[in-house]
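A.B. asks: Build the full structure now, drawing on both the sequences and the hints.
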Amino acid sequence: MNAFQRALDTVKILLTSVNALARGRVPSRDIWKQLYEFGNSSIGIVVLCVTFMGIILISEYSFHMKLVIGNDSMIPGFAMILLIRELAPIVGALLITSKMGASIAAELAAMKNTEQIDAYRLLGLNIVELYVAPRTLASSVAAWSLATISLAIAILGAWFSAVVFLNFSTGPFFQSLFIFVTAGDLILMSIKAVVFGCCIPSICAHYGLQASFGAEGVGHATTDAVVGTSITVIVMDFVITYLYAVLAS
Amino acid sequence: MIHRLEALREHLRFFWMLFIRLPELFTERREFMRQFADVGVRSLSTTVTAGIFTGAIMALQFHLQLKDFGAESVLGGLNTSGTIREVGPILIAFMLAGKVGAFTSAELGTMKVTDQIQAVRCLGLDPISFFVVPRFWAVALNSILLLVFGLVISVLGGMIAVWMVADINPDQYLLMVERFATSESIFLAVSKSVIFGLLMGHICCANGYWTEGGTQGVGLAVKKTAVQSMVAIVLADFFISWIVEIIVRSGDFL
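As given, the protein sequences belong to chains A and B, one line each in that order. What the first sequence shows, in numbering that gives the first Met the number 0, is residues 0 to 248, in sequence order. What the second sequence shows, in numbering that gives the first Met the number 0, is residues 0 to 253, in sequence order.
Be a bit skeptical, because a hint or two may be false.
To be verified - Covered stretches of chain B (chain A as the covering partner; in silico rule of three or more C-beta atoms under 8 angstroms from a C-beta of chain A): (1) 92 to 102; (2) 106 to 119; (3) 210 to 220.
For the record, the hints were derived by calculation from the structure and aren't laboratory data. We put the CB at the ideal spot given by N, CA and C, even for glycine.
C.D. replies: Here's what the structure looks like:
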């Protein structure tokens, strides 16, 4: 199977699940359950990672800005813009991929191995509508909420470290933040988070459904799903950022 | 909490054991060379893709930010320095954790649940020196080399992206790289690569070797490896940045 066929199959899975969601064929009970799985179970780790990245970013930026401009009053704005535009959505998406995406691929591959998928087909049920559709909605909502919540806590973490280690006062810190961060940045972050979250279950489900037989097939499917999804997320991030850069200039 | 601390102690014990068993690599050098070549070839394309796109994304972001200040001429230096010090190692290491770490974990886990490790023990061989030690060093050394390579590639990615969007030609870009990417930045990047490589090698081998219970156990081990590697990488990144800054400030460094 070449890359083009893979992409086609993934898009097909995504469209099928969006179609099922739009026609209301997915029971809301499933969606709530998956929202809990995607959102609640990974909030701790996403917040931890993004907060630490915020703290590191602010100290690195302080180093760079002193080197280039010679004063560091604009650091909070600059560092937090990078966090909002790039790191909050992308780190959240990568963590959701390795936590939930891997288990989607492993579960579907195991179901294929034990011929459960054929059994569903025999009963006239569509596995994509049944399994992937609730996860698509849940993961888009969860990716956006996780990005927003972790961002809020990361800004507080950055504020703390700026005040304690870099001799900032609270006023100038938030002033610089409010001057630099615009509605466009927040919209860009939301678009990125929702797009990544929406694509993760479909890509992982594709790898799970294409798994070869045997225990090794499950392992391979899981690994390939994590790698394929991470690479796709990075590439999509580049495309979205490029479009934004072209539109903004 | 006690449970977590005990898990941490087990991890440290396992890591120390792998470390002091380095001489056994010589007796298992065929296996080691095979693993080393295997891991390297398999993850080269991932590293190149991740490196190019990380550099390109960061370059676009820095361009958007610096444009308003007319400071576009320093873009090359600032982007290179920012990428190799901070965001580059983290993002490329995330990719490698998915590629190399998860794969090694799944391989070892499958061996464990299909009783291949027990079989080797029955033959009178030590499964740790036969399976785990060569894999640990292969993954760790490969990750270090691939991370450094990915960071070098990311400079290229940034250069191309800036050329495409902002009309800054490569000569001008590279001129600034020399001025801003100091020896201190490179020291920080390499030390991050070394620590991340050792961490990834340890986490994938430990989780793979401790796999229990059937196919689902393998899936669980892979998930654990990916999540633990990411958290460990972010935490290690924070502490390395901190320690290196203290070292640099405390005296005449380099």
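A.B. asks: Quick check: which numbered hints come out false for this structure?
C.D. replies: none
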